[in-house]
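Could you slot chain P onto chain R? The hints should help.
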Amino acid sequence: MEWETVIGLEVHVQLATDTKLFSGSSTAYGAEPNTQASANDLAMPGTLPVPNEAAFRYAVMFGLAVNAEIAKRSVFERKNYFYPDLPKGYQTTQLAEPIVGPGYVDIELENGQAKRIRIHHAHLEEDAGKSLHEDFHGMTGIDLNRAGTPLIEVVTEPDMRNAEEAVAFAKKLHNIVTSLEICDGDMSQGSMRFDVNVSVRPKGQAELGTRTETKNLNSFRFMEEAIELEVERQIDVLESGGTIVQETRLYNGETKVARSMRTKEDSDDYRYFPCPDLLPVILDDEYIDTVRLQMPELPEARRARFIADYGLTEYDATQLTGERAMADYFEATVKACGEAKLAANWIMADLSAYLNKAELTIAQSQITPVQLGGLITRLADGTLSSKIAKQVFEAMTLGEGDADTIIEARGLKQVSDTGALEKMVDEVIANNSQQVENYRAADDSKRPKMLGFFVGQIMKASKGQANPQAVNDILKKKLEG
Amino acid sequence: MATVKPTDIAKLAHLARIAVSEEQAADVADRITEVLNLVDQLQEADTDGVEPMAHPLDTAQRLRADQVTETDQREAFQAIAPAVEDGLYLVPRVIDE
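In the order they appear, the protein sequences are chains R and P. The opening residue of the first sequence carries number 1 in the numbering used here; numbering runs sequentially from there. The opening residue of the second sequence carries number 1 in the numbering used here; numbering runs sequentially from there.
If we strip away everything but chain R, and leave its shape as in the complex, we get:
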């Protein structure tokens, strides 16, 4: 039987506000445990929440970026459950009246086709603290610095049909929130976390299959692996006559193993109700319009600008604006060297290959945009051949400094000096009299290929530093002249 996969996502996006959603505690990362947990964050009796305007502004920006309706009235509710890193005994969140209504995001697939993924809604809520399960004499350690950090939870419709589409959507969302600067996008620190709802059904069947939810995936790769593993598991179960149990699952990216966390029978009953400590939040048109005017450039606008301003191809512009950090890197490189096309090529080819191999993000690159710009400048002005430029690049990845320093230290300057090149050409001609004779006897159509032999000899003699164009010119003159 042919199966169809159906995927919906819930994405938690940590907002890059300076303070928490309901208190004036700092959200700065990496502070000593519990030094950023105020009386309100600790649920001390008598404290009251006051919502952070910036969290609403960021949520509105997100809503506008995903073509959604913005709710002028939104209401906080209490989601009740007990866990030590949730001191209040409930999470303040939104349910019936979320800030961001239905919207959509268009994703581009590998085959170049676009697909629209609908967003059901997005709501504002607070994060919980962290439980540390290392052994504290048989106890669990609680750090509440993260408690109360604002999140938006983005809920999609079940519009994705395979892991590739889900990852493309996740990357697009990452690009949008980092471009808006409402989230730092650092997934290793949990700034974006994905819950994946997966079900399968016989192809052509309208009714959805029973779904499972794999929670808290914090990398695009883990997300892809978890989906593929779960699809395979569900198909195996169904084809061997079993049924899928609705359950929550956990995927371990290190061991590549998924396991069931809890089934529906003992699933939570959160007993939501409107939070009596908070009034409805009312936003007017003027507020929303002001936010609209303050929106930073979105990925699609930036892509169009790259084509118009830098003369990039559609393909190059799409690649370079697929990730906020890469687009920033490109623009900084162009600023340093003024060579947009060369910068695009180097970033997409050599730099990307180096980052992949070293398993680094572009932000962690050993080579700064200014350094890459310096290398490109030396390539464009003829100091370096493209072959030697790759050597310089290699040296830069090893931290040997900027291009000029490496060229100087390794003596890599391209030889364009006619006198020196002529001497080399003369030597090669003198040492290869047979080939010279053959060349002179050959007809014009065969000569270019034969010229390659001489160029090769000279490049070898110059250790790759001869300017190939100059060598060509001199050779032709001497051989044919």
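One thing to keep in mind: the hints can contain errors.
[Stated by the list, open to error] Distance condition first, Cα-Cα at most 27 Å in a straight line; then the derived BS3-like pairs of lysine-lysine: (1) Lys5(P) x Lys79(R); (2) Lys130(R) x Lys256(R); (3) Lys88(R) x Lys11(P); (4) Lys335(R) x Lys390(R); (5) Lys413(R) x Lys477(R); (6) Lys423(R) x Lys463(R); (7) Lys172(R) x Lys423(R); (8) Lys215(R) x Lys172(R); (9) Lys335(R) x Lys387(R); (10) Lys423(R) x Lys11(P); (11) Lys476(R) x Lys449(R); (12) Lys215(R) x Lys11(P).
[Stated by the list, open to error] Which residues of chain R face chain P? A few of them, derived with a C-beta cut under 10 Å, are: (13) Ala37; (14) Asn52; (15) Arg57; (16) Leu132; (17) Ile282.
By construction, these hints were calculated from the structure, which means they are not laboratory data. Note that CB positions come from ideal geometry on N, CA and C, so glycine has one too.
The following block gives chain P in isolation, referenced to the frame of chain R:
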């Protein structure tokens, strides 16, 4: 007519982490049933065109500027905690299963 059973009470008590003994459960169930019957009566009121009330105060929420106003008071808070170590609050072991 809504009827709450003692088993419903046991489940709710568990979710709310409230100790309700089996003997108490029947009594509590009866009393909550009475409250729900009162709600049933209220349901009979015609509420067409009435917007649901989110809060008894007829005003909008005030928002706060995104500025750090809280200072570190960990020492004071941890002085009243039953167990702390390395700046962490310690609680009976929770296995994340």
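Q) Taking each numbered hint in turn, which are not upheld by the structure, reported in ascending numerical order? A) 7, 10
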